[in-house]
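Colleague: Here are the chains, one letter per residue:
Protein chains: 2
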Amino acid sequence: MVHMVKRSTANNHDFADLTHIFNPRSVAIIGASEKPGKVGQVIMQNYMDAGFQGALYPVNINAGEKISGYKAYKSVLDIRKEIDLVVIAIPAAGVPNVLEECGKAKANGAVIVSGGFAEVGAADLEEKIKQISKKYKMPFIGPNCLGVMDPRARIDTLFLPTYKIERPKIGGVSFVSQSGSVGSSTLDLISAEGFGLSRFISYGNATVVDEVDILHFLAKDKNTKVIVYYLEGAKRGREFIEVAKEVTKSKPVVIIKGGITETGATAAHSHTASLAGSYESYSAVFRQFGMTEAHELEELIYFAKIFDTQPLVTGNRVAVITNGGGHGVLATDAIYQNGLTFPQLTKESQKELRRRMPPIVNIALPMDVGGEADYKRFGDALEVLSTDQNVDAIMMIALFQTPGADEKLVDAVVNFNNGKKKPLVVVSTGSSYTQSHTKLMESAGVPVYESPSAAAKALAALISYSRYREKAV
Amino acid sequence: MVHMVKRSTANNHDFADLTHIFNPRSVAIIGASEKPGKVGQVIMQNYMDAGFQGALYPVNINAGEKISGYKAYKSVLDIRKEIDLVVIAIPAAGVPNVLEECGKAKANGAVIVSGGFAEVGAADLEEKIKQISKKYKMPFIGPNCLGVMDPRARIDTLFLPTYKIERPKIGGVSFVSQSGSVGSSTLDLISAEGFGLSRFISYGNATVVDEVDILHFLAKDKNTKVIVYYLEGAKRGREFIEVAKEVTKSKPVVIIKGGITETGATAAHSHTASLAGSYESYSAVFRQFGMTEAHELEELIYFAKIFDTQPLVTGNRVAVITNGGGHGVLATDAIYQNGLTFPQLTKESQKELRRRMPPIVNIALPMDVGGEADYKRFGDALEVLSTDQNVDAIMMIALFQTPGADEKLVDAVVNFNNGKKKPLVVVSTGSSYTQSHTKLMESAGVPVYESPSAAAKALAALISYSRYREKAV
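Sequences listed follow chains A and B, in order.
Each residue of the first sequence is one higher than the one before, counting from 624 in our numbering.
Each residue of the second sequence is one higher than the one before, counting from 624 in our numbering.
One thing to keep in mind: the hints can contain errors.
Identical chains blur together in the list; that is why a pair holds if it fits in one copy or across any two.
[Unchecked claim] In silico DSS-like cross-links for lysine-lysine, where the CA-CA straight-line distance does not exceed 30 angstroms:
{"no.": "1", "residue 1": "845", "residue 2": "694"}
{"no.": "2", "residue 1": "658", "residue 2": "999"}
{"no.": "3", "residue 1": "661", "residue 2": "999"}
{"no.": "4", "residue 1": "1031", "residue 2": "658"}
{"no.": "5", "residue 1": "727", "residue 2": "758"}
{"no.": "6", "residue 1": "1062", "residue 2": "661"}
{"no.": "7", "residue 1": "1043", "residue 2": "792"}
{"no.": "8", "residue 1": "697", "residue 2": "758"}
{"no.": "9", "residue 1": "1062", "residue 2": "792"}
{"no.": "10", "residue 1": "729", "residue 2": "661"}
{"no.": "11", "residue 1": "1031", "residue 2": "661"}
{"no.": "12", "residue 1": "868", "residue 2": "658"}
{"no.": "13", "residue 1": "1044", "residue 2": "697"}
{"no.": "14", "residue 1": "792", "residue 2": "758"}
{"no.": "15", "residue 1": "757", "residue 2": "858"}
{"no.": "16", "residue 1": "868", "residue 2": "729"}
{"no.": "17", "residue 1": "872", "residue 2": "845"}
{"no.": "18", "residue 1": "760", "residue 2": "729"}
{"no.": "19", "residue 1": "760", "residue 2": "727"}
{"no.": "20", "residue 1": "697", "residue 2": "751"}
{"no.": "21", "residue 1": "843", "residue 2": "689"}
What the hints contain is simulated information worked out from the structure, not anything from laboratory work.
Because the structure is a prediction, the values reported are computed rather than measured.
The task is simple: from the sequences and hints, build the whole structure.
Modeller: Written as structure tokens, this is what we have:
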């Protein structure tokens, strides 16, 4: 169902194929090292940890025979085999020479993680590497970035060790970040939340490969189901919007924009050397073309999670089941505040609920199944509500502090969710006992939220995008 | 600095002293049991786990010689000693008789955890226990509630085991909840967040002791520094506001209101048998009288944390230090969106920062100390900024994914925070490695937030309340 998007002609470089960078069969790491703490050592280690299946060539001008058990090279020119991706992790001043060698070695692409270019005023140095890239028609990501991480292709150019940033499991969310700090901490959060990653791309100064090129690539990438961007400014803002407008017809695009206040925009300008545009114009256009805007980092996770796991739905009638009265009240508020509503249950399902629930349960929405409700009662409620034609989606509040909620409830929820009958969001919040159960649900593809308002925001985003898609396609 | 508040004359009962309920020297547990899963067993166990230092009297009509090693009684009348607090955990129908016996035994107060009263339509039964309370001038909390938990007084009437709900450490936040579900899950969250609790009070149907009585008590309670309410409706709304207006002159009061939409209010009415008032009127009055309104459960935690740990400040000039450029941009946006601003640093501190920071660090705000910044560089920045007369508060973004951030940074932050020079909020977000470090900071009294926007909201609440206090006192 992926629509092919026409490549913009105003592209700032004349080569289009990023496949070698994103799905390399061979990788050279320039600056590779065995010295603990060296950037090139961490990257080398991460490639080995990721279990990269292609050829791995450590390159270091001071190298001996081997680095970490792999045959080592003093220069990329010594490799004399096809190189899909070169990862460059050496001080900025040395990058032009090394990049020139990569060009001569006919490398297909590069990731330059090194900082020390336009972001610190060295625009000349950055222009130099841009020209080298042009000359050899060799695209690169960076500089001043973390590069790429992909649990499926098993590539990992992050120069941060896995004990500091956990790597997410394989999944459908691709996360693209101009900023390394937002990128790395969000990658770590994605691991904590337990949902899966397709590709992580931190593109830094965007000297050659920029947000538009990446969007082109992800649009066609069959492993990417949801595209998430942290964007400060876009040098080719208009083109980004044009491409995104096509992409949202087939995939959700979630965007958080940094630099939306005047002072924030100045801050954005100084640290990645790109220009932040007027926020109002961005925000309106995001909405107009079906992009989902996250207003804070929390929302970025809320939205990625629901798009990754739940089917689209255009109706806004949400049935709430809860084992806590107060949370039912808060959920009701959150539903109506987010433009959602309660369904009018059919006579049949009312009758069936009445038959299955004990007399103490009031089946009116929000349906409070009681603090003593166990997996069976929750399961009955889910079953009946999911077959009601007036119910578009379900919010299930499962507080694991209550006597009836345990691991069996997790099984019941996961089983229901696997049926993918109707979109489901779960609200569970608390300390260790709760967290151990939410992790089980999350890792099985159930989106769990810490509050009714978070869950309602996620549902509203899902419904809003579904409606856009219905009209746009 | 606690102002004494004049007791309202419109009070619905004519006894005022809740000290016996909140600081009991002796506790009788009616329904106490050794049978696993029984409510009375869990409460008995929790009292023992809490290490209650007073006399403990298990009461059960079917009791033998002892229950859990304590001398057991068939009736509260058999105890024949002063009883400060009776915890009643038996089916609703039996409560009036037992309560009558408590009155005859001259018990000083009770907590009735049993449900099955007005909230399920049994208004007569509820009226009956109200009359008994009146007759014996014996106040009670509940019914249909979790009761009280206090790590300092070591009382714990919650009928939910500690493995499901962790109990917070001793601290300054008192949390009052009409709803048991919001109460119990928030109590659990408070434990997860690592800040300390003064008193937890879940008051359910508020038949006798209600939100106003509790507010009176907490106003005078020297262990309570911050008062947090989850409120659905208040039978004595006007009096609540009158009392709160006095309390906010000396203590912050944070409120989250459930039932703020029409449908939400209906839901609230059905589950605690109280009337939810018009939200708009509540919300405006909260603001007018210095209460801090939380709009979602997340904000309740944000605000409680900062009020508990940070000094008041009326200035809104917030200096941002960050080890991630993107987070600096988002922090700048969040600061300006929340009515805060950057300070103009003095010439002296600019000079001192320039002297201490490496040339690569741009000392303009948001000050990006770099991904490689360690505890020393962060410490230097904190030291200089905290002595700058133009800086009112500090937001420090410490991303532990970076190479320089480790346990030494935790020590530096905790040491700085212990000096209590200026309000400090920390932003750290991520998975296991980060979480182990944020827990260390939190448990040492540093308020840590998952995003710049959460931290900015907390600072804005602190400043807004501080300004109210300055004018009001």
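Colleague: Any hints from earlier that this structure breaks? Give me their numbers in increasing order, please.
Modeller: Structure breaks hints 1, 12, 13, 14, 16, 21.
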